[in-house]
Structure formats: structure tokens, C-alpha cells
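Asks: Here the protein sequences line up with chains A and B, keeping their order.
Under the working numbering, think of the first position of the first sequence as 1, with each following residue one higher.
Under the working numbering, think of the first position of the second sequence as 1, with each following residue one higher.
Treat the hints with caution; some may be incorrect.
Stated by the list, open to error - Below, a list of computed lysine to aspartate or glutamate pairs in the EDC-like style, where the Cα atoms sit at most 20 Å apart:
(1) 188/A to 51/B
(2) 281/A to 294/A
(3) 46/B to 294/A
Worth flagging that the hints you see were computed from the coordinates, not collected in a lab.
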Amino acid sequence: MDTATKQSLDFNTTTFPNQRTDAQALKAAANEIRRDIIRSLVRAGSGHSGGPLGSADVFAALYFGGVMRYRPEDMHWSGRDRFVLSAGHMAPVMYAALANAGCFPKEELGTLRKFNTRLQGHPGRDMHLPGVETSSGSLGQGISIAVGMAMADKLVDHSDRRVFTLTGDGELQEGSVWEAAMSASHFKLDNFCWIIDNNDCQIDGRLPEVMNVYPIVDKCVAFGFDTVVVDGHDPDDIMRGFDVFLTNQANGTGKPTAIVAKTYMGHGVSFMNDKFEWHGKPPSHDQAVAALEELAKM
Amino acid sequence: MAHELLGQKPTRFGFGEGLVTLGERHSNVIVLGGDITGSVLTSMFKEKFPDRFFSIGIAEQNATTIAAGLALSGKIPFFASYGAFCALRNADQLRISVAYNEANVKIGGGHAGISVGPDGATHQVLEEVAFLRTLPNMTMLVPADFEEARKATIAMGEMHGPAYIRFGRSPVPMFTTESSPFEIGKAQVLTDGTDVALIACGAMVWESLLAAQELAKKGIHARVINSPSIKPFDFATVTQAARDCGAIVTAEEHQVHGGLGGAVAECTAKNAPVPIEFVGVKDSFGGSGEPEELMVKFGLTWREIYASALVAMDRRDRGSSGVRAIKDVPQAQ
Chain A
1 MDTATKQSLD FNTTTFPNQR TDAQALKAAA NEIRRDIIRS LVRAGSGHSG
51 GPLGSADVFA ALYFGGVMRY RPEDMHWSGR DRFVLSAGHM APVMYAALAN
101 AGCFPKEELG TLRKFNTRLQ GHPGRDMHLP GVETSSGSLG QGISIAVGMA
151 MADKLVDHSD RRVFTLTGDG ELQEGSVWEA AMSASHFKLD NFCWIIDNND
201 CQIDGRLPEV MNVYPIVDKC VAFGFDTVVV DGHDPDDIMR GFDVFLTNQA
251 NGTGKPTAIV AKTYMGHGVS FMNDKFEWHG KPPSHDQAVA ALEELAKM
Chain B
1 MAHELLGQKP TRFGFGEGLV TLGERHSNVI VLGGDITGSV LTSMFKEKFP
51 DRFFSIGIAE QNATTIAAGL ALSGKIPFFA SYGAFCALRN ADQLRISVAY
101 NEANVKIGGG HAGISVGPDG ATHQVLEEVA FLRTLPNMTM LVPADFEEAR
151 KATIAMGEMH GPAYIRFGRS PVPMFTTESS PFEIGKAQVL TDGTDVALIA
201 CGAMVWESLL AAQELAKKGI HARVINSPSI KPFDFATVTQ AARDCGAIVT
251 AEEHQVHGGL GGAVAECTAK NAPVPIEFVG VKDSFGGSGE PEELMVKFGL
301 TWREIYASAL VAMDRRDRGS SGVRAIKDVP QAQ
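One chain only, chain A, in its complex shape:
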């Protein structure tokens, strides 16, 4: 292995600040997240590539765009906003975002899915990884937990803390998702932001073929959400979506916000782009090297 290849596979120590910034800075953060996803998955030898790569831009905006308030050195800070990864299998992108925020050493990303790791295949709260608010992995539950958190913040503690959750689009087939959605608008949780990673892919194929959940936007609207569709690979457009949410909360509209992020599974790596076959597998060593080369040029 030549030196350049070896370096590309190694984790670096770069971290990113969390502040209102420009598209270029968010792109750079997303690119680093993508490379860390590849680096951790190739070491793990199993895991999900497609969803994590596809949602890297959304995670970059969420963690590095000044939307979510947190302290990387103290992820138990009582005033923090919280993020719940309802689509637990997308853990690699959350882990990469947290590491790039400085919540834990990036080198730890290399322990993904390994024996005794804090980076469990699906997030485990018992591992006490800073920034992991809850266990998740059984689809349709995280969003409900997030609703409970938003209720605690808004209705019990009367604080302005925000709760974000991300579900997949295949996850919308779980009926409990809609129980959660119903309650978010019933309780007027304008501090609740639901991101739907709409890449149209699930393990068995395209959404309409496996079980049609469309029209997603109409459903969200019908369930009482202020619903905004964004290009999930355009930082400015993603930030526009978050601004809708922040405005709802600031104005006390009583409306929860749904951001439908149109994404491509595996985005950023051409041979994975928009291919549902990449939902649940990691790159081989050679594929990882090729992916990292491609991402380095982005």
C-alpha cells in the first residue's frame, strides 16, 4: 500500500465548529463525514454505507450549521438540544458527525461494530458514547422517544430546548411513526423537528415496490406538520429547511416541522450513488480506496 493510500484510510484530527456558516464550509464538513464513514465501514467489514453517505449533508448542516446547540466537550449539558437517530442503522453518519464535532476522538471511529466498542452497530445508550441520546435500531421508535423529549422540554420544563429526529423513508412503513407524528402536532410541539431522509431506497428495493409510502409530503401535512421539501445535498437548501423550523419555534406557531430531504443513497461515491444494493453493506478495501480518492477530489 503506498503512503498516499494509507493516509487516506487513516483518521485525521480535523474538527469543525458549529456555527452559522456558508455552503462551502458545510460541504467541507460533509465531505469529511463521508470519508470517515468509508474509513470506519471498511474497518468494520459490515454495516450500512448507503444511508449514511446519502445523509452526510443533512448531518453537516445539523451539527455544523449552528442549528443544534450543544457543547462537544460536555454532551450532558442540561441546556443542549437533542438529536435522536430514529433510523438506527444509519449510526455511522451520526458517529462521524459527533467525532468531527469533537465529542470523542476520531480514531475511535475505527472501532465501529467491533468487540467492546462504544460504536455499536446500532446506537446503544448503555455504551455512554457522548452525543448518543438513546438506543435505536428497531424502526419507528426513535421518533416517539423524540416526541417524549420535546414534550418534557416544552410542556413540562417550559424550556426552549429543541429536539431533532431523523427517520428513513422506508421507516415510514412502521405504523408507530404516524402515532408519533399525530402526537407531535396534537401537543403543538414547535420545538420538534422531524427530518425524513427520502432516498427512495430500502433493502429490498425502491419504496413504491416494497410498500408505497408516498405521498410523503401530503401525509406530513395531513398530520399537522409544517412540511418543507429540500434538496438534501444542497447546504443552502437544507439550511432553508432548518430556518423554517427555527422560525416556527421562535414565533410559537405550535406547529412541528417536517423536513423532507431528497437525497441519493450513497451520494458522493459514484459507484454507490442511488443504488439500493448499498443499503446494508460496507465497501471492500479497494472500493474504499476508490471512494476516498473520489471524495478527496470533491
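Assemble the complex: chain A is given as a structure, and chain B must be docked to it using the hints.
Replies: Chain B only, in chain A's frame:
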């Protein structure tokens, strides 16, 4: 008998009263309603603390996971419904979001057992003890009467960690008092014999006391043990009973598979193997009828406990699993 019948009251009322006490003591106790608040008595809390009561509607999976979110925010959420819906319909939520998360969620499961009566099999949950006691981190309580249900509710609210309490719809005999001991993880020896141990939970504890009374007439001294804490389980008291008596009968208003009987069998198989007879519902669903009719039909009275005691002792005395026909069981009226 040392244990006097103090009247009849459903255990669900003990749950309702316990919740109100918790609400008075702790400002972070929150209650979630699942539409049947009057039936499971969360209505008592709702009336007293409307600001800390949230109606979730008929959505038990959502209520369970919302409770997990509240617990992860420092609250002590209680969610109550019928056990069929808040222990089994939401089983995955209990497993992942509550137990694996070690979230401080408390579940009240009403309408347990066939004594639900006319509602029939769909609403008579008979399997949830088996499920809940296999969940890591979970505490599982089955109080015997009104007063014990009240104490158990308060105790589960004041411990940290996921906990479930099972209670019933119909009035059952009251025999414990304010001064009776109750501690999570502990069983209580109610009568101290050494001929046979009758280990029971819920309404079957009273039936065991009645069986012991009848057995005493034959000179058989039964050790009646009330085991409201299915998990954590009182291994010491049960092991001691096995060693002292050499024969055990378990009694519960639940499937004979996997419930209290299962816990006793696991405990004694390891520590002190002795013959055990299991009184409970024998691998069948319930049905409609009046509670008393159903308890007789499904073999959940002191008579079955009495007969099983004779069988267990016989197996012990013969040193084999051979069963002699028992002819002298008092017949139902």
C-alpha cells in the same frame, strides 16, 4: 388463620391511590393516559395533577416510547393500560426503548388474568409475566391485594429503572395492612410450615392461604409464601422453602409456562431440586363469564392448590415423579 379477610377491593384501586401519593411526593412524576384512564385508575392522578397528565390516546406503542423520551429527560413517567396492550402490543418498545435504554419508565398493566371476566380472552392477559421477566433491567411486580398494590406502586416509582406492575379488574380479598412488609426483591412467608411450600402471587396468594387452612385440618402444615416481586426474584426465600419443605406448589393467574412457576422452577432446579406442581392457566386462552365462574373453570382456586400440594408431597415421599390418584380433594360446591 393469622390472615384475616379485611374486605374486597380490586388491586387497580391500589395502583390509582399509589400514583396520587407519588404525585404528591415527587413533582417529576408524569402520567400518560391510554384512553381507559377510568378503568386503570390513572384518572385519580389526572384529576389531582392535570398539568402532569398527558392523554396519548389509543396508541400504546407511542405511549411507551414517549414515556422513554420523558424518562430520558429526567421525568418519572407512568403509563397504564390493559396488560394485553401495554406489555405485549408494545413488547418491542419495552425491550429497546425502555429496558435496553434503562429508561426510568413505569408501566401499570391492568385487566390481568381471567378474572377480568365478561370481556373475554382478548382482554385477559395471561402471558406478560413470562415476557417481562426475561427483559434485562426490568422490575416486575404482581401485588396480592389492594394495599400491596398501593405500596408496590409507590416503591416502583421511587426506585430507579424500568418497572412494571400487574393488577386486576375485579375485587379480590384484602388481607395485608399498612404495616405488612413490602420490599422489591423480597417474598414474604405468611404461614410457617415445613410440609409443603405454596408459593403464589396476585389473587392466588389468598387462595393459597385458604388451601393451607384446609391442609392444616389434615395435619399438613404448609408454608405460604407471597412472592410479589417476580423480578428481582427472592431466590433465598424460595431456596430455603425448597430445602425445608421438599415439595412446592406455585399458583398464579397466568399461563403455567414462564411466569412465577417458571421463576421458582429455575431457582430450585439450580439450588434445591424438589417436586413442583404448577397451578395456573394450562396453555389455553380465557373466555367470557363472571370472574368466579372462570376461576373455577380454569382451575384457579384453593382446591387446585390443595390437590397439587398432596401431589407434590406424594412425589417427594415416593422419591419419583410417579403420581398417585388424589381422591380426597374437597369438591366445588
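Asks: Compare the structure with each hint and give your call.
Replies: Hints, one by one, checked against the model:
Between residue 188/A and residue 51/B the alpha-carbon distance is near 15 Å, which keeps this suggested pair within the 20 Å criterion. For the hint pairing residue 281/A with residue 294/A, the CA-to-CA distance comes to about 19 Å; that is within 20 Å, so the pair holds. Distance restraint check for residue 46/B and residue 294/A: the Cα-Cα separation of roughly 59 Å exceeds the 20 Å cut-off, and the hinted pair is therefore not satisfied.
Hint 3 from the list above is the single one not met by this structure.
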